[in-house]
Amino acid sequence: MRQLRPLCLALAAAALSSCGILYTDIKVPRGYRTATPADVKSASDDPTVSGMSCNRSAIYLFAWGDGSYAAAVTNALGTRDGILYDVRADVKVNAYVLGLYSKVCTVLTGKVAKL
Amino acid sequence: MRLLTSAVLLVALASSAAARGEGDEETATPGLIPPGNFVLFYDTEGPLSFVTMTPRERPKGARELGLVKGSSCQHGLSVPITADVRGTSITGAIGNGGYSKALADIKKSKPDVAGIYDVRTDMRVFSILGIYRKLCTEVTARAFAAAP
Chain S
1 MRQLRPLCLA
11 LAAAALSSCG
21 ILYTDIKVPR
31 GYRTATPADV
41 KSASDDPTVS
51 GMSCNRSAIY
61 LFAWGDGSYA
71 AAVTNALGTR
81 DGILYDVRAD
91 VKVNAYVLGL
101 YSKVCTVLTG
111 KVAKL
Chain Y
1 MRLLTSAVLL
11 VALASSAAAR
21 GEGDEETATP
31 GLIPPGNFVL
41 FYDTEGPLSF
51 VTMTPRERPK
61 GARELGLVKG
71 SSCQHGLSVP
81 ITADVRGTSI
91 TGAIGNGGYS
101 KALADIKKSK
111 PDVAGIYDVR
121 TDMRVFSILG
131 IYRKLCTEVT
141 ARAFAAAP
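Here the protein sequences line up with chains S and Y, keeping their order. If you read the first sequence in my numbering, its first letter stands for residue 1, the second for the next number, and so on. If you read the second sequence in my numbering, its first letter stands for residue 1, the second for the next number, and so on.
Calculated directly from the structure, the hints in this document are not laboratory data. Glycine included, every Cβ here is placed at the ideal spot set by N, Cα and C. Fair warning: there could be bad hints in the mix.
Stated by the list, open to error - Using C-beta positions, here's what the derived DEER-type ranges look like:
{"hint": "1", "chain 1": "Y", "residue 1": "111", "chain 2": "S", "residue 2": "97", "range": "25 to 33 Å"}
{"hint": "2", "chain 1": "Y", "residue 1": "57", "chain 2": "S", "residue 2": "50", "range": "24 to 32 Å"}
{"hint": "3", "chain 1": "Y", "residue 1": "39", "chain 2": "S", "residue 2": "95", "range": "27 to 35 Å"}
{"hint": "4", "chain 1": "Y", "residue 1": "128", "chain 2": "S", "residue 2": "43", "range": "46 to 54 Å"}
{"hint": "5", "chain 1": "S", "residue 1": "47", "chain 2": "Y", "residue 2": "88", "range": "53 to 61 Å"}
{"hint": "6", "chain 1": "Y", "residue 1": "41", "chain 2": "S", "residue 2": "41", "range": "46 to 54 Å"}
{"hint": "7", "chain 1": "Y", "residue 1": "71", "chain 2": "S", "residue 2": "52", "range": "19 to 27 Å"}
{"hint": "8", "chain 1": "Y", "residue 1": "51", "chain 2": "S", "residue 2": "43", "range": "34 to 42 Å"}
Produce the complete structure using the sequences and hints provided.
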């Protein structure tokens, strides 16, 4: 058991950091200074949209995905040519079987103003 | 002592790739590639803070240039010197992954950019076996050119 302790810690570290021990290629959000209603040409009938981007990891060994702000904004805007304002950013985590498979998502909800 | 080292490693690893949210301009958390056990050399630059523009702060009459992207990277090499899971290794890191390099990258692709707004900053974490690591700062924004 004593020999297994470092291995357990390494696995825990991998699970916590969303990184894979063998292979990692993920994007994580860092910063997004969003617009307020006063910053854009907002209107009361502006649609509210939501977008999500995710990173995934499996068996602590592999991690992949694009959980970036950029991907979440692209996903939220879809085909609209506008700008997001009044944005709420949340993180959604799903982990199963002691974290053997996990999904960490960036969820953006906001309104779309015309440019 | 061994447990303490493992705990420090745990915290260091977790913080390196943790998703950091809004308020970047106030928290000023550096985005440096994590050094390993025995650092042979370390010559990198990473993002610290960047107070970006909102649409209202654009200069009047500025010409829209659309969506632009720029990135800058730090690279790290970690050579294991023992065959155990604690991963004692000799490491080195090099590269400029800072905001200024990412903005220079945008300027290189669109030389008439006068400024950017609606800026999203993300970090790309790439690693193979923990031996080669890459940490990139990716800036996605809307750009404008100076008024004609």
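Tested hints:
1. Separated by about 52 Å at the C-beta atoms, residue 111(Y) and residue 97(S) break the suggested range of 25 to 33 Å.
2. In this structure, residue 57(Y) and residue 50(S) meet the distance hint of 24 to 32 Å, their C-beta atoms being roughly 26 Å apart.
3. Taking the beta carbon of each, residue 39(Y) and residue 95(S) are about 33 Å apart, inside 27 to 35 Å as hinted.
4. A hinted range of 46 to 54 Å for the beta carbons of residue 128(Y) and residue 43(S) is consistent with their spacing of about 49 Å.
5. Checked against the hint of 53 to 61 Å, the C-beta distance between residue 47(S) and residue 88(Y) comes to roughly 55 Å, which is consistent with it.
6. Distance hint check for residue 41(Y) and residue 41(S): the Cβ-Cβ separation is about 51 Å, which falls inside the suggested range of 46 to 54 Å.
7. Residue 71(Y) and residue 52(S) have their C-beta atoms about 22 Å apart, which keeps the hinted 19 to 27 Å range intact.
8. At roughly 28 Å, the beta carbons of residue 51(Y) and residue 43(S) sit outside the given window of 34 to 42 Å.
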